[in-house]
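Engineer: Sequential numbering of the sequence shown, starting at 28, is according to the numbering used here.
You may find that some hints are simply not true.
Computed list of lysine-lysine pairs in DSSO-like fashion (alpha-carbon distance at most 27 Å, straight line) [stated by the list, open to error]: (1) K227 - K241; (2) K200 - K140; (3) K140 - K111; (4) K111 - K53; (5) K251 - K227; (6) K111 - K131; (7) K111 - K241; (8) K251 - K230; (9) K251 - K239; (10) K140 - K239; (11) K200 - K216; (12) K200 - K227; (13) K140 - K251; (14) K235 - K251; (15) K235 - K216; (16) K200 - K241; (17) K131 - K235; (18) K200 - K235; (19) K111 - K251.
It should be emphasised that the hints constitute simulated quantities derived from the structure, not laboratory data.
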Amino acid sequence: MHPPHTEGIFPVVLADTNRLLGEGLKLILNDLGNEFSIIDQQSGLFNLRASLEDYSSKIILAELFSGDSLGITELQNFISEYPKAKVVVYSVSKEKEHVLETLKYGAVGYLSKGAEISTVIEALRTVSRGYYYIDPWLAQFLVKEIQQLHGKINDKEHFSIQIADPCPELLTKREMEIIRLLTEGQSNKSIGEVLHISEKTVKNHVSKMLAKLKLVDRTQIVLKAIKSGWVAL
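Take the sequences, apply the hints, and build the full model.
Structural biologist: Written out as structure tokens, the structure reads:
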């Protein structure tokens, strides 16, 4: 049986055959203090289910391979059995169908295999607070995917996102302008050039928006703006 969940320490379980990864992560997470603790490692989601342990309210770092339909099925079955588990998938695949399938079936995060350890830690912190985490490289891809679903992209035309419904009163007009440009995939530097403000000023605005919206990165700002209807597709 696993040790009880100590207050302040979030339990993490690995679904991966790489034992060295588990040992390495244990050492790194221990250096963070009382944040995370790896309590178990199995060779895959199937073995986690077979172990008869209770994986509810835990973070599961699960490796899935590109084109692995069995892995997707196991992900679906695992989340069906443990709907409160926070499954973060990591994979070598950057194929949009694979990414979208994992999110469709309930994963709360997606990481590129080989991601920097700082990225892994950021993902753990994000999902432990109840948010979704997606590698930053996916932000532009997700926007384009949504655009395509709405018939706004073709081979001859670039997409453009405009402000739609009014945003909550806590955001300023300038912040909404920045959100529009973030959603178009613009960098801080290019946003500054468009709005005739410094890159530092853009960073300050983004930091203020993260605090106001209780989000952790610019990718989440983009996703929230789309989901909340703050931009017209």
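Engineer: State for each hint whether it applies.
Structural biologist: Taking the hints in turn, this is what the structure says about them:
Pair hint K227 plus K241 holds up; C-alpha atoms about 21 Å apart against a cutoff of 27 Å. A threshold of 27 Å between alpha carbons decides the hint, and for K200 with K140 the separation of about 39 Å lies outside it, so the pair is violated. About 24 Å separates the Cα atoms of K140 and K111, which keeps this hinted pair within 27 Å; it holds. For a cut-off of 27 Å, the pair hint linking K111 to K53 stands: about 23 Å separates their Cα positions.
With a C-alpha separation of about 23 Å, the suggested pairing of K251 with K227 holds against the 27 Å cut-off. For the given pair, K111 sits about 16 Å from K131 by alpha-carbon distance, which is consistent with the 27 Å threshold. For the given pair, K111 sits about 22 Å from K241 by alpha-carbon distance, which is consistent with the 27 Å threshold. For the hint linking K251 to K230, the alpha-carbon distance of about 18 Å falls within 27 Å, and the restraint holds.
Proximity of K251 to K239 is assessed by CA-CA distance (about 13 Å); at most 27 Å being required, the pair is judged to hold. The hinted pair formed by K140 and K239 fails the criterion: a straight-line CA distance of about 32 Å is larger than 27 Å. At most 27 Å may separate the alpha-carbon atoms for a hinted pair to count; K200 and K216 meet this at roughly 19 Å. At roughly 18 Å between alpha-carbon atoms, K200 and K227 fall within 27 Å of each other, so this suggested pair holds.
A threshold of 27 Å between alpha carbons decides the hint, and for K140 with K251 the separation of about 26 Å falls inside it, so the pair holds. For the given pair, K235 sits about 15 Å from K251 by alpha-carbon distance, which is consistent with the 27 Å threshold. Between the alpha carbons of K235 and K216 the distance comes to roughly 17 Å, so the proposed pair stays at or under 27 Å and holds. Note on K200 and K241: the hinted pairing holds, with a Cα-Cα distance of about 19 Å set against a maximum of 27 Å.
With a C-alpha separation of about 31 Å, the suggested pairing of K131 with K235 is violated against the 27 Å cut-off. Our distance criterion of 27 Å between C-alpha atoms is met by K200 and K235, whose separation comes to about 13 Å. Restraint check for K111 and K251: the C-alpha separation of about 22 Å stays at or below 27 Å, so the hint holds.
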